[in-house]
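**Q** Listed here are the chains, written in short residue letters.
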Amino acid sequence: MIEVEHLSKTYGTTAAIEDVTFTVAPGEILGFLGPNGAGKTTTMRILAGYLPASAGTAKVAGYEVHEQSMAVRQRIGYLPETPPLYTDMTIEGYLHFVARIKGVTAGDRRRNVDLALEKTNLRDRRTTLIRKLSKGYRQRVGIAQAIVHDPPVIILDEPTVGLDPRQIIEVRHLIKNLAGNHTVILSTHILPEVSMTCSRVAIINKGRIVATNTPEGLLAQLNSGTGYELEIEGDIHSVQPQLAAIAGVKTVEILPAELPAGRSRVKILAQPDIQLPGREIARAIVAADLGLLEMRRIQASLEDVFLQLTTEEAPLDSAIAETEETEEAA
Amino acid sequence: MQIILANIVAIYRRELQSYFRSPLAYVIAGIFWFLSGLFFVFILNVTIQRIALADQSGFQGAIDAPYQFYQAFLGVLSSIAMFILPILSMSLYAEERKRGTLELLATSPVTNWAVAIGKLLAVVTFFITLLLPMLVYQFIVLTASSPPMSIPLILLGQLGLILLAAAVMSLGMFISSLTDSTILAAIFTFALVLLLWIIDAIGQQLGGAIGAVFAHLSLLKHYNNLAQGIIDTSSLVLFASYIFLGIFLTAQSVNLFRFQRS
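Residue numbers (numbering that gives the first Met the number 0), protein chains in the order written: chain A, 0 to 329; chain B, 0 to 261.
These aren't lab readings, by the way, just hints derived from the structure by calculation.
Some clues are possibly wrong.
In silico BS3-like links for lysine-lysine, alpha-carbon gap of 25 angstroms or less [to be verified]:
no. : chain 1 : residue 1 : chain 2 : residue 2
1   : B       : LYS220    : A       : LYS134
2   : A       : LYS118    : A       : LYS134
3   : B       : LYS220    : A       : LYS131
The following label-pair restraints were derived from C-beta to C-beta distances [as the list claims (entries may be wrong)]:
no. : chain 1 : residue 1 : chain 2 : residue 2 : range
4   : B       : TYR66     : A       : PRO51     : 42 to 48 angstroms
5   : B       : ILE182    : A       : ARG130    : 52 to 58 angstroms
6   : B       : ILE30     : A       : ARG207    : 41 to 47 angstroms
7   : B       : SER240    : A       : HIS172    : 51 to 57 angstroms
Small disclaimer: the values here were computed from a predicted structure and weren't measured.
Even glycine gets a Cβ: it sits at the ideal position worked out from N, Cα and C.
Using the sequences and the accompanying hints, generate a full structural model.
**A** What follows is the structure, given as C-alpha cells:
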C-alpha cells in the first residue's frame, strides 16, 4: 500500500532523511519510531505530498506522491505534527468542511462526520468552537479530520502527543481498530506505544532506517545484543568451557586485540530475553585462578537509539485514578 | 470541473464564515460605515451649498449636481477603501500558515488555484457587503435629485470600486502568502497599493514611452474612468490582469514556499 524506496530529503547541505526504504502492506499498522529530530515528520510530510523528496520514490496505493499528487491526496488522511484546525469553527462545521474538500459526496457527508465524531468520542462536543477546546480535544479533532473521509491510507504524525493517559488509551484503541480496513503509518518517540498498537516497527535515527521488524522481533533483536566484554590475564582457553556452560550464555568469543602477552579479550553474548549473571561469570574466572582486569556490559547497536526514546511511561493506572478523582471533584 | 467548482465553493463558504465571525471584520465594517457615512453627508452639504451659491450669484448655466456629488463621493470611498483593503486581505494566507492549516489544504485534493479563487471571492463578497448600505444612501439621493442620475451610471461606479478592490486584494493575497505575519502582509500590501496609486504621477514625471506604461498601470486612472461612467475596455482588462496576476502568483508561491521551508 505504501512503498518507499531510497527516499532522501536535504535542506541546503543538511540531510533530513537519507536513503529511507520501507513498505507497508494493506491493512497493516506501521510504527515509525525515532528520537526527536530523526526525520519522522519529514518522511510523513513527503508521504502526504506536502514536501517533495530530493531523491528516491514514495508510492501510496500505487501512485507516486509527487507526480500523481491529486490521486494520492484523495486516498490519504493526514494528521500533521500540529493539528490543522480552524479555531473559529465548531468541531462539526470543521469536519463538514474537511469532508467537503476531501471530496466526500453531499449524501455521505453527514454520516461520515457522525462516524468520525463517534470514533474519536467527540459527540457531545460537536457544537463547541475549536478555539475553546483543550489540547487533548484538539488532538482528537485532528484525528477525526484524518479519518472523516474514510481514506484507505492514514498518516498520523505523533497522534498521542498532548493527550492525558486515559485519552492515550482511547486513541491507541481507535488506531488498532483502524487496522484491516485502513493502512496506517504513525510516528512516535514512545517505545511502548508501538508495541501496543503496531504490527510492524521501523526505527529511524539521524535520517536513516536502523531496523524494521515486528515489535517482538525487535525486542529479541535488541536483547540478543547484550552481554559482557572481559579482559583476562592467564590462559583463557582453560576457562572457556565453564563460561559457555553458564545458563543463558549464547557464545563465548575471543576477540583479536593487541594486548601484552598473557592477556586476552573475550566477548560473551546472551541468549534472547535473558539477563546474563555477571556474578557467575566473574566467579568462574576467579575460580580458574585467572586475573579479571576488566568487565564491562556491552549493548547492541540499536540500544543507543532506544536510549534516546522514551522507554517508560507514567503508570497508566494511577494516572487514570487521578483523572477520575479530579473529574469527580469538578 | 464540477469538483473544482465544489472546492471553490467550499473554500469560499469557510472563508466568508470566518469573516462574519471575526471581531476584526466588524470593527472594520463599523469604521468604514462611519467614515463613509460622515463623508456622504459632508459632500452632500457642500454640493448643495455650492449650487445655492451659484444660484445667488445669478449663474445661468446648468450644473449637473448629482454627477459632481457622485464623483466626489466615489473618490472618498476609494480612498477609505485603500486603507481597509490591506487589512481585509492580510490574513488570507498568513493566518493559514500560522495555524498550520495550509498543510491540510496542501494535502487535500484541492488545487492551489481553487483555494486562491475561493478566498478572493470571499473577501470581495465581504467588501461588497460593506458597500451595500452606502449603495442604499446613494440610490435614495441620486434618484431623487433633479435631474435624477441614471441607475446604470451609479452601478458602473460601484463596479469600478469593486474591481479596484478585487485587484488590490488579489495582490494583497499574494503578499499574504509570502509571510506568516499578518501585520507584515498588511504593511507591504499598503505600500504596494500606494505605489500603484501614485504610479500615474510618476509616469507623468518620467514622460516618454516608459512614462506612458507607468501611467497605464495606475489603478487610480482606470478607476476614475469607470467612476466617470466611461466603459473603457482597456481599464477592464487592466483590472482583470491585476486580479489574475494576484491569483497566479499566490498559487505559485504556495507551492514554492512550501517546498523551501522545513
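**Q** Each hint: holds or not?
**A** Status of the hints after comparison with the structure:
no. : hint                                    : verdict
1   : B/LYS220 / A/LYS134                     : violated, 52 angstroms
2   : A/LYS118 / A/LYS134                     : holds, 18 angstroms
3   : B/LYS220 / A/LYS131                     : violated, 48 angstroms
4   : B/TYR66 / A/PRO51: 42 to 48 angstroms   : violated, 57 angstroms
5   : B/ILE182 / A/ARG130: 52 to 58 angstroms : violated, 21 angstroms
6   : B/ILE30 / A/ARG207: 41 to 47 angstroms  : violated, 57 angstroms
7   : B/SER240 / A/HIS172: 51 to 57 angstroms : holds, 56 angstroms
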